[in-house]
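A.B. asks: As they're listed, the protein sequences go chains D and X. So the first sequence is residues 1 to 556, counted in my numbering. So the second sequence is residues 1 to 451, counted in my numbering.
Hints may contain errors.
Unchecked claim - Simulated pairs of lysine-lysine, BS3-like, Cα-Cα distance not exceeding 27 angstroms:
| # | chain 1 | residue 1 | chain 2 | residue 2 |
| --- | --- | --- | --- | --- |
| 1 | D | 538 | X | 442 |
| 2 | X | 200 | X | 65 |
| 3 | X | 442 | D | 494 |
Read the hints as simulated data drawn from the structure, not as lab findings. From a predicted model like this one, the values you see are computed outputs, not experimental measurements.
Each chain, letter by letter, is given below.
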Amino acid sequence: MLIRLIGGKVYDPANEVDGEVRDIFIDNGKIVATPPHDRRIDKSYDIRDRVVMAGGIDIHTHIGGGKVNIARMMFPEDHRNDPVSRTTRTRAGCGHVLPSTPIAGYRYAQMGYTACFEPAMLPINARQAHMEMADTPIVDKGAYALLGNDDFLLRMFAANKDQQIINDYVAWIIHATQSIAIKVVNPGGISAFKFNQRKLDLDEPHRHYGTTPRQILRQLAQAVYELGVPHPLHVHGCNLGIPGNVETTLDTIEAMEDLPIHLTHIQFHSYDNEGDRRFSSGAPRVAEAVNRNSNVSVDVGQVMYGQTVTASGDTMSQYRNHLLADPNKWMCMDIECDAGCGVVPFHYRERNFVNALQWAIGLEIFLLIGDPWRVFLTTDHPNGGPFTTYPHLIRLLMDRSFRSHMLSQINKSAAEASHLTSINREYSLYEIAIMTRAAPARSLGLKDRGHLGPGASADITVYKDQVNKEKMFAKPEYVFKDGELVVQNGKIVKITQGATHCVKPDYDKTIERSLKRYFDRYHTVALDNFKLRAEEIKGNGSGVLAIHPCRTAKHA
Amino acid sequence: MDGLNYLTYQEPIDSIAEQRKAIMQQPKFRRLSTLPLINVPCPFCSLLCDDLVIHNRAGQLRVEKHGCPKAIAEFERPPTICAPRIRGSDATMEDAVAHIASMLRAAKRPLYSGLGTDVAGMRAVLPLAERTGGVLDHMHGEGIMRHTLALQDSGWMSTTLTEIKNRADLLIFVGTDVIHDYPRFFERVVWNQHSLFGPKPERREIVYLGRQLNTAPGRSPKGRNPLHIDCDIRQLAQIIALIRTLLKGNSIKARRVAGVPTSVLWTLAERMKNARYGVLIWSPASLDFPHADIVIQVLCNLVTDLNNFTRFSGLSLGGNDGSVTATNVCTWQSGYPLRTSFGRGYPEYDPWRYSTDRLLAHRAVDVLIWISSFSARIPPVVPKIPIVVLAVPHLKLRQEPEVFIPVATPGVDHDGQLFRCDGVVALSVRRLRNSPLPSVAKIVAAIYESL
Ligand code: SF4
Ligand SMILES: [Zn+2]
Chain D
1 MLIRLIGGKV YDPANEVDGE VRDIFIDNGK IVATPPHDRR IDKSYDIRDR VVMAGGIDIH
61 THIGGGKVNI ARMMFPEDHR NDPVSRTTRT RAGCGHVLPS TPIAGYRYAQ MGYTACFEPA
121 MLPINARQAH MEMADTPIVD KGAYALLGND DFLLRMFAAN KDQQIINDYV AWIIHATQSI
181 AIKVVNPGGI SAFKFNQRKL DLDEPHRHYG TTPRQILRQL AQAVYELGVP HPLHVHGCNL
241 GIPGNVETTL DTIEAMEDLP IHLTHIQFHS YDNEGDRRFS SGAPRVAEAV NRNSNVSVDV
301 GQVMYGQTVT ASGDTMSQYR NHLLADPNKW MCMDIECDAG CGVVPFHYRE RNFVNALQWA
361 IGLEIFLLIG DPWRVFLTTD HPNGGPFTTY PHLIRLLMDR SFRSHMLSQI NKSAAEASHL
421 TSINREYSLY EIAIMTRAAP ARSLGLKDRG HLGPGASADI TVYKDQVNKE KMFAKPEYVF
481 KDGELVVQNG KIVKITQGAT HCVKPDYDKT IERSLKRYFD RYHTVALDNF KLRAEEIKGN
541 GSGVLAIHPC RTAKHA
Chain X
1 MDGLNYLTYQ EPIDSIAEQR KAIMQQPKFR RLSTLPLINV PCPFCSLLCD DLVIHNRAGQ
61 LRVEKHGCPK AIAEFERPPT ICAPRIRGSD ATMEDAVAHI ASMLRAAKRP LYSGLGTDVA
121 GMRAVLPLAE RTGGVLDHMH GEGIMRHTLA LQDSGWMSTT LTEIKNRADL LIFVGTDVIH
181 DYPRFFERVV WNQHSLFGPK PERREIVYLG RQLNTAPGRS PKGRNPLHID CDIRQLAQII
241 ALIRTLLKGN SIKARRVAGV PTSVLWTLAE RMKNARYGVL IWSPASLDFP HADIVIQVLC
301 NLVTDLNNFT RFSGLSLGGN DGSVTATNVC TWQSGYPLRT SFGRGYPEYD PWRYSTDRLL
361 AHRAVDVLIW ISSFSARIPP VVPKIPIVVL AVPHLKLRQE PEVFIPVATP GVDHDGQLFR
421 CDGVVALSVR RLRNSPLPSV AKIVAAIYES L
């Protein structure tokens, strides 16, 4: 079936198209070049004056897996704010900050997003995470396997094993968990917490293994790079949320030298400790370091006001944060000599000095980093706020007077302490298209996503051009997923099943011998049963596994 | 998922020799060969031991290694087959399904309970419950409720089996001996041979709190006896409160609390503080008395207090018959754990109102769909509420239901996925024999289609 989108203003940064009026042709789910005149067009959409972009890609959103489900279980009171009824086409469920899986898929699609990446999948929890993602309709998904606190790896570090063996293990994990990237959370810290260590700085040795976060970060980043995995090591660094942690973040950037690295929810890692309250913005220093180091990309983890729930693998930090739990309930779990998880509810209040400044720090980072190819739009859903706040966040970035107005509403001292008043920058539609489409696709190695050139999968969002960008981005007029119209004027018109994206780096399979010995002795699951096979994702034929190429492996 | 899919399970493999080797290792082929199957996960309790060696000889399964008595009894039960029945008379599957569909069309508020099934089964049940405005509860719903209420009211610090196996130096069993419901618990994670971090597992300290417990498995391989603090579990809250007071450094005048000498509790508190990685273990199903959820909360708070001194975690044993699986799938698909109703089109959660017993007693539901594909647990019977039973063929019913359909067991008759007792580990279980019985997922999907 040949579809033609007529006359839209196209924002396609991957192909350097900045608002030009163009037709887009879709054939069999793919975008194609203008077909010969004699080819029959099966369906046309007149989208003159409309803004066209590729479907949005969320590079960091907690949509599935153990900790999210525990959080759902823990917060019936949150779901009661947003019950969703069944229709003949769509499932029942609930939305708000911890949406049920079908609703998460619908809400992303309704917002013009067509791919979401779960950034913290514990290898032992991979089966559950993929089951939840499989139950998240329409959007594509993928997951980053969490390493750096698993005892198998820490033992190898402690024994000073060759980088080559580390690489083999990292690759084996990517295969065994069907993931697309590697994430590290509080390197070594989740494990150290199990040994009753309550804090771990970049150069502090782990009580049992003696390794430092610096070593873990470097060797994991090296492994990911040498394996040719497109997305760099995805790093949730040390000392999350602690005033003064900007130093740790700057040291981390420096420690990587030229190794590619992605620093996630960097807002939570950009706190200085100046001023009366020993809490201030480290955003200018972080942004300056990011601007200077082209090997670094970040996503922001913007804080949005309101009730939310934080779910993280970082038990060390979540345990520390439990004192701030609002409402007062929380959980932490040590998991399978693999990692851990912690769930702590938060209520970010604009009148609260710290919360208000967190909000401002996030915006400062967005606005002070010059290159939109290296800063991605996230709230670390649901940790900084739910993903449904993205349209509001986009307006904050695109509309300076709106931003000033919002700034005038927050805690006065926080507003004074922030640098926002002196920043005039407004993001353009082109830049928004970069940070929410082109850049995440490029970073993840998704060659056929995030752009509108011939050969791309037809994930396309069409917006009414509006002055109020929040309204504009909240309710696209059309959303196409792989060429099928799935959303029209905010309504789901078709349910599809998105693909699961992954990579399969080469490695030496003899690593399984030492893994088998380890599993037989110490684990409670057999190696064979631990592995998540491709067939399980393909399920009864509804799931698709999209395997993306790795760069040709580079060796040190 | 069809068993044949095992053939495509492998990742791309380079050499032909390697490919052949890999194919020979495929379960499907092992099944057809005379070799026993290794690393077989067991679905019969939520420990999900996955080291069983099982041999299929002409359809009769033999557990050759690592089976507990429960596993042996279940796997080795000679396969039985019976036809579906409508009001006691044999019927075709099509007629049985059509009959259920017509009952559901007429029903105002069906109750889907039992829910002893796998992930695929729950994935089929949820849309049906949505569409029919039904309520969901599990046969072990009381235990599940106590567990989730504690999570919803205060939360906890918890742990999982592999952590216990490698780390725990003090294990305190509260109101449960574990062994009855989870037969290989001690063998698998307490008296294991190897552990990553010292001290040797055989030196672990074991404490029991409660009465009428089988404490024999708590004796170490070298013969060291566990400490058994005999007490009435209904008075647990007082005992825990006292321990928490002692931990705060306050002295106590009373000589005994709930019949237990204060000195014993003082020693226990000291041991807890000095543990390196202590674990408090309870089973919500065993804490079966009014307001037990509050007692579980108190246990959780004790664990949290202990983390002011050292590392300590709780392990709440999630229950058998797929209860952890049912809870997890229901939660991710609807947002709420079990005891959720779709009566108004959207999910509503009420752990008291939507209990099976209560709904039946108040006749708040008009059809009961009972699912039990692991054990022969029978449904509660209430006059004038018609029952549909989807259960193992050897189920002995006291009263003939409106419709009975025999179902296959996941992990024996078909592939599937199940969650382990600690909630975060899911395993794939396998088809071990050819069975003509349909899975719960298939039947429920067929009912949905016939509505
Ligand atoms: S302990 Fe449970 S899982 Fe293990 S073999 Fe026995 S019944 Fe099966
Ligand atoms: Zn995150």
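A.B. asks: List in ascending order the numbers of the hints, as given earlier, that are violated by the structure.
C.D. replies: none
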